[in-house]
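Visitor: Straight run, no breaks: the sequence shown in my numbering ends on number 418.
FYI, nobody ran anything at the bench for these hints, they're computed from the structure. For clarity, every value in this text was computed on a predicted model and none was experimentally measured. Note that beta-carbon positions come from the ideal geometry of N, C-alpha and C, so glycine has one too. Each hint should be verified, as a subset may be incorrect.
Taking lysine to any residue pairs in the SDA-like style, the calculated list, with each CA pair at most 20 Å apart, reads [stated by the list, open to error]: (1) K373 - L393; (2) K258 - A232; (3) K104 - G80; (4) K104 - G91.
Cβ-Cβ distance ranges computed for the label pairs, FRET-style [said to hold, decoys possible]: (5) G270 - G366: 44 to 50 Å; (6) S176 - N251: 31 to 37 Å; (7) F21 - K81: 23 to 29 Å; (8) P390 - V84: 55 to 61 Å; (9) Y238 - Q389: 33 to 39 Å; (10) Y238 - D335: 38 to 44 Å; (11) G192 - L273: 27 to 33 Å; (12) D305 - A243: 25 to 31 Å.
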Amino acid sequence: MYSEDQGGILGFTHGQNTWGVYGFANGSGTSYGVIGESNNGTCVGVSGRSFGWDGSSYGVEALNYGSNGMGLYAFGPTYGVYGKSVVAGGIALGGDATGSGSTYGLKVAASSSSGTGAHATGGSVGVHAITTTSSGHAIKAEATTYGIRSTVTGSSGIAVVASATSTGGNNYGVYASTSSSSGRAVRAVASSTSGTNYAIHAHSSGASGRGLYSIVTGSSGRAVYGYCSSSSSTARAVMGYAISPAVAVYAQGNSTTTGTKSFRIDHPLDPTGKYLNHYCTESPQPLNVYSGNVVLDEAGQAWVQLPDYFESINSDIRYQLTTIGGWAPVYVAIEVQDNRFMIAGGQGGMKVSWRVEATRNDAYVRSYGAPVEIEKTDSERGKYLHPEVFGQPEELGIGYDPDAIGPQPPDEEPAQIASGS
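Based on the sequences and whatever the hints tell you, model everything.
Guide: Below, the structure written as structure tokens:
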């Protein structure tokens, strides 16, 4: 039946367990239960309606038992399949998989480099996916380019929001894993230049939950990789924020920086207009430093008490003494024992500033050491941490990532979807 006003096929059903359009394909090779094609911007390839208010009724039901067949195959210049729900609690497009093995409630794929497997918009939820099995996946995405790509263009929009609200067990707002040596477990780009925008916003309210949990097993992979190309001193590749006494950034294990280490505070003389930086002292040894002032007794001596853990984590102790208000031949009369040492050689009442440096020697350093000169790996050899300071191009940087900014979404959708025309 064909009508220019009503569509190629129009199916109605009013009874329970009946179908407006029923398509069945069981042939070998590429076969279709129903194939609908639309080549006009306002046309509908297949339109099926169901008005049954109870029972199992379908506007369109398509079945296929062939190994490569499709129950429903649709393509067009706008949407292959378009679902719309106008009732509260309705579902625009629903999928259910009950078979054993690898089954999918909804499986979508894009074969073109700029195509989109699934595209959803809505005032509340674009896609809502639920799994009730302990090992199931609400959404499972696999692709050679993007498993899931999320883009936000609003000044205060959020590309991905993940929340784990369970208070027990190991629950994750986002769980991502990569086993590739150069892969990224999570890669997100926020391109808006104004407002508060997030490439990834992850939140966990559980006692042991993680807002973002990332694992990498590759030899040169990064569990979390932050890249900042801005020349501004206020730009951050990775930023952690915590209200004291919580910790903004915590590293369990070694921590390394290729630049300077410093603390930054609001400038005490201009707190709203400037920052004040203080830089850390560097050394090829893992040093612990202790200092203070002491007043000598009538005999010109004084015991200096160190922390009760001093001897358990330090070795190779060095001393510095400075008299204040006058000169005296002060010296260390007794070296550290029982976590204290004695100063002598001064006059009673004299003030002495002291400083003790010692090599860190706790259980961690004794187990793993503190290497200074380290050979670069084969993949790093011939490259630089900061090639620009050696007059070399950025492509020779060890952390260089040509895709760090990431491919941007097209300005507009392709004019046509491949349809063989």
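Visitor: Each hint needs a verdict: does it hold in this structure or not?
Guide: Hints and how they fare:
1. K373 - L393: It holds: about 14 Å lies between the C-alpha atoms, which stays within 20 Å.
2. K258 - A232: Holds. K258 to A232 sits at ~16 Å (cutoff 20 Å).
3. K104 - G80: holds (15 Å)
4. K104 - G91: Holds. K104 to G91 sits at ~11 Å (cutoff 20 Å).
5. G270 - G366: 44 to 50 Å: Check passed, 45 Å falls within 44 to 50 Å.
6. S176 - N251: 31 to 37 Å: violated (22 Å)
7. F21 - K81: 23 to 29 Å: holds (26 Å)
8. P390 - V84: 55 to 61 Å: holds (60 Å)
9. Y238 - Q389: 33 to 39 Å: holds (35 Å)
10. Y238 - D335: 38 to 44 Å: holds (43 Å)
11. G192 - L273: 27 to 33 Å: holds (29 Å)
12. D305 - A243: 25 to 31 Å: holds (27 Å)
The structure fails hint 6 only (numbered hints given earlier).
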